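Chemist: Given the structure of chain A, go ahead and fit chain B onto it with the hints provided.
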Amino acid sequence: MVASPARQRDATAPAVELRGIDKRFGTVHANRSVDLVVQRGHIHGLIGENGAGKSTLMSILYGFYTADSGDILVGGKEVRIAESRDAIAAGIEMVHQHFMLVDPMTVLENVILGVEGGALLRRHVPKAREELRRISAEYGLNVDPDAVVGDLPVGAQQRVEILKALYRGAEILILDEPTGVLTPQEATDLFRVLAALRAQGKTVILVTHKLREIMAITDRVSVMRAGQMVGHRDTADTSREELGELMIGRKLATRLDKAPANIGAVALEVRGLSVRDIQGVQRVKDVSFAVRAGEIVGIAGVSGNGQTELMEALAGMRRLEAGSVTVGGATVSAEHPAFADRLRKLGMAHVPEDRLRTGLVPAFAARESAILGYQDDPMYSRGPLLDWPGIDRHTQGLMEKYEVKPPISRLRGALFSGGNQQKLIMAREMERDPTVLLVGQPTRGVDIGGIDFIHRRLIAMRDRGKAILLVSVELDEILRLSDRILVMFDGRLVGELLPENADERQLGLLMAGAA
Amino acid sequence: MSGTALRLPWWADYILLPLLNLLLALLAAGLVVVATGENPLDAVVTMVNGAFGSGEGIGYTLYYATDMIYTGLAVAVAFHCGLFNIGAEGQAYIAGLGVALVCLYLDFLPFWLVLPLAIAGAALFGAGYAAIPGWLQAKRGSHIVITTIMTNFIAYAAMEYILVNVLIKPGQMSPETRYFAPNAVLPKMDAMFAAIGVDIAATPLNLAFVVALLCIALVWVLIWHTRWGYSLRVVGASPRAAVYAGIAPAGRVIQAMLLSGALAGGVALNEVMGAQGKLLINFPSGYGFTGIAVALMGRNHPLGVLIAAILFGALYQGGAELTFDMPAISPYLVVALQGLVILFTGGLATMLRPALVRALRIGAGAR
Chain A
0 MVASPARQRD
10 ATAPAVELRG
20 IDKRFGTVHA
30 NRSVDLVVQR
40 GHIHGLIGEN
50 GAGKSTLMSI
60 LYGFYTADSG
70 DILVGGKEVR
80 IAESRDAIAA
90 GIEMVHQHFM
100 LVDPMTVLEN
110 VILGVEGGAL
120 LRRHVPKARE
130 ELRRISAEYG
140 LNVDPDAVVG
150 DLPVGAQQRV
160 EILKALYRGA
170 EILILDEPTG
180 VLTPQEATDL
190 FRVLAALRAQ
200 GKTVILVTHK
210 LREIMAITDR
220 VSVMRAGQMV
230 GHRDTADTSR
240 EELGELMIGR
250 KLATRLDKAP
260 ANIGAVALEV
270 RGLSVRDIQG
280 VQRVKDVSFA
290 VRAGEIVGIA
300 GVSGNGQTEL
310 MEALAGMRRL
320 EAGSVTVGGA
330 TVSAEHPAFA
340 DRLRKLGMAH
350 VPEDRLRTGL
360 VPAFAARESA
370 ILGYQDDPMY
380 SRGPLLDWPG
390 IDRHTQGLME
400 KYEVKPPISR
410 LRGALFSGGN
420 QQKLIMAREM
430 ERDPTVLLVG
440 QPTRGVDIGG
450 IDFIHRRLIA
460 MRDRGKAILL
470 VSVELDEILR
480 LSDRILVMFD
490 GRLVGELLPE
500 NADERQLGLL
510 MAGAA
Chain B
0 MSGTALRLPW
10 WADYILLPLL
20 NLLLALLAAG
30 LVVVATGENP
40 LDAVVTMVNG
50 AFGSGEGIGY
60 TLYYATDMIY
70 TGLAVAVAFH
80 CGLFNIGAEG
90 QAYIAGLGVA
100 LVCLYLDFLP
110 FWLVLPLAIA
120 GAALFGAGYA
130 AIPGWLQAKR
140 GSHIVITTIM
150 TNFIAYAAME
160 YILVNVLIKP
170 GQMSPETRYF
180 APNAVLPKMD
190 AMFAAIGVDI
200 AATPLNLAFV
210 VALLCIALVW
220 VLIWHTRWGY
230 SLRVVGASPR
240 AAVYAGIAPA
250 GRVIQAMLLS
260 GALAGGVALN
270 EVMGAQGKLL
280 INFPSGYGFT
290 GIAVALMGRN
300 HPLGVLIAAI
310 LFGALYQGGA
320 ELTFDMPAIS
330 PYLVVALQGL
340 VILFTGGLAT
350 MLRPALVRAL
360 RIGAGAR
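Chains as they are written, first to last, in numbering that gives the first Met the number 0: chain A, 0 to 514; chain B, 0 to 366.
Bound conformation, chain A alone (with noise of 0.2 Å):
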């Protein structure tokens, strides 16, 4: 692509510079005058926790948001960032911790996707697939450009998310939590291809909640905490001791505490267990595991092989089409199905990884989430009414108890923080006193002190000698909080390990079914 006048840039200015950025949504101060320099030809970490106002930032500099006040420069020159057309034009690319791609196109045409350089295709395609390829090569990004999208693995279509930001001309590259979705494989190349991107004098924003990922890539980071900027480093002089502190304001617990677990009688069993899809893709194939009393047992796994249908079977969510599940004296099976309500009453409750959609409904008031699943218990209700000033009380408890803020139980679901929502979900699950506990993806898109409370909860509810199912693709949490790990692999479990005895890289292997 041509680089246009505005592109020119002085060598020596940062290559993206925010002075004073103030920006508040009605009473919530998200951006408190932040300074942020970028250097070019730097990856510049920039951490926080949820909240702290790191999306709000970089949704300033993508044009998502206008400031209420401040400054950005680019390559030294103010500019004007009113919409994102305006940071294209500018050089400045975004990739989405959620791809914007089209799944039904192919990899070329999700690339030349609002710059198809004319009405007609035909006379642009050959050069645009030229010059993918020149990209491709020069950043080892490598990607077959008549692949469609829908069918590659999440790896390579975030390699489709760069190869289209650079295709445009990206000079300075924003990729928010770009290793959520990827295997511990993904993400190491993900940063090979960072540090080529680097090599070649492009800049990159890296946002993330990831110490790690900050330590082992990024030139200099930028710590902010409640709005505020609170610090800046270069990640040569800094540890991670010293990040996480800054970003929570006061020290970091690293290690949890677990005392030896105090293993009972088996409460969940699963025998055989095969699941389909909607599409009738066959998710779960013959799975068998047990998990005891008082112990938590951690399935590993890149996401998309077969956890989540696993889950909502066992949940009651999803029709089993062989083996069965034995809970609470009952076993369910294709010929005996159960839904989530009767599961519910044999002692099974449920934290689903996707919190939004299914855990809790955003449009609704927390005090009406916080019954979701026990909307039927006698104890919600006054005769054929629901009792809501009883309900309004109940979640205030809950709110108290599981450090929900704010403590609003009116307010809509939506409006809390990823890991308030969580919080309120865990509540409501865990205070019902289960004998069993499935948990998906407990702490993604919580905020460090928020995965602290809720690791201690999960820790707690297992001392108490309940049995719990969790499933995680941050391998951290899985070695962190697990008393026996089962790695997952297209829909089959292909290894079991003790934490003690596993170390990433050949969990990593496991999970990416190369062992």
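If a hint is listed, it holds; no wrong ones were tucked in.
FRET-style restraints, in silico, Cβ to Cβ:
hint	chain 1	residue 1	chain 2	residue 2	range
1	B	D12	A	A136	52 to 60 Å
2	A	Q278	B	L22	44 to 52 Å
3	A	R455	B	D12	34 to 42 Å
4	A	L508	B	V220	58 to 66 Å
5	B	L302	A	P383	16 to 24 Å
Everything labelled a hint here was simulated from the structure, so no lab data went into it.
Please read all numbers here as calculations on a predicted model, not as lab measurements.
For every residue, glycine included, the Cβ atom is placed at its ideal position computed from N, Cα and C.
Modeler: Chain B alone, transformed into the frame defined by chain A:
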């Protein structure tokens, strides 16, 4: 974070925005009136006077509003379950058959027995007819918008056949039944007031209006204060969350349509048993469709539906007055004016919202 960007205080969403939409609609309608050579301000005065300026005007306004309360509630209930019921028109039409069968063939019973039977007839026939698209949606995945549109056509055809060939009063040309016996007709409001010694203007306004007000309260309690209503709203807001919570979406979809159809049946009560005292062709005359706009404008809340229904009732009644007083304005033009109101308050209901968000944010920043 992005979720907070488009928040408005409740009064802006529920009062200011609808009023602005109404104002826009009146402005657009004013331009149409100017084009006919009439004075738009005079037209507004005529309409408001016609709708609210006399006891008779108010009676007619509320009579029209009654129909729209029923259909507005019908659409709103379905909407809470995530269903867009376009079929209130046909459901009301079929409900007319239920009412007529009771009033024609059970009129040997006293009024206090005919009334509950007729209400049951309206509700059962309306619900039964709505159950068909409900079942198709729940079990076969056929889209409710398509099936309710189609069931409307079937209702027209079936009712025409029944009226022309079966229920027609022998020896007449117009396809309608005989008049119901006096004990099978809903008392008019003027008669009811006269019984307690209060003299009000004689209008078609009848007992069905009181039943409609009861339905408003009933729907409010059902939707927000019962376990069933809760589960209905979960299905409407998030079918996945419903499955998670052990609520079977298919069952709720059918049940929501049953209630929706039963409510639409109220139109038959008001028109067939109330205003007309007989079953006649095409009596729902579009109220099922107006109900969609009423529900949209009323934000699917029973009280909102009441307010919107009265507004639309006033438009009908005031519009009728307008054609009397201003010969240049034809009845078709009045329909066009009503259409503009529906367009701005229904179809374009959120058009001004982003601007309002911006305006209020600037206002908040200045403070």
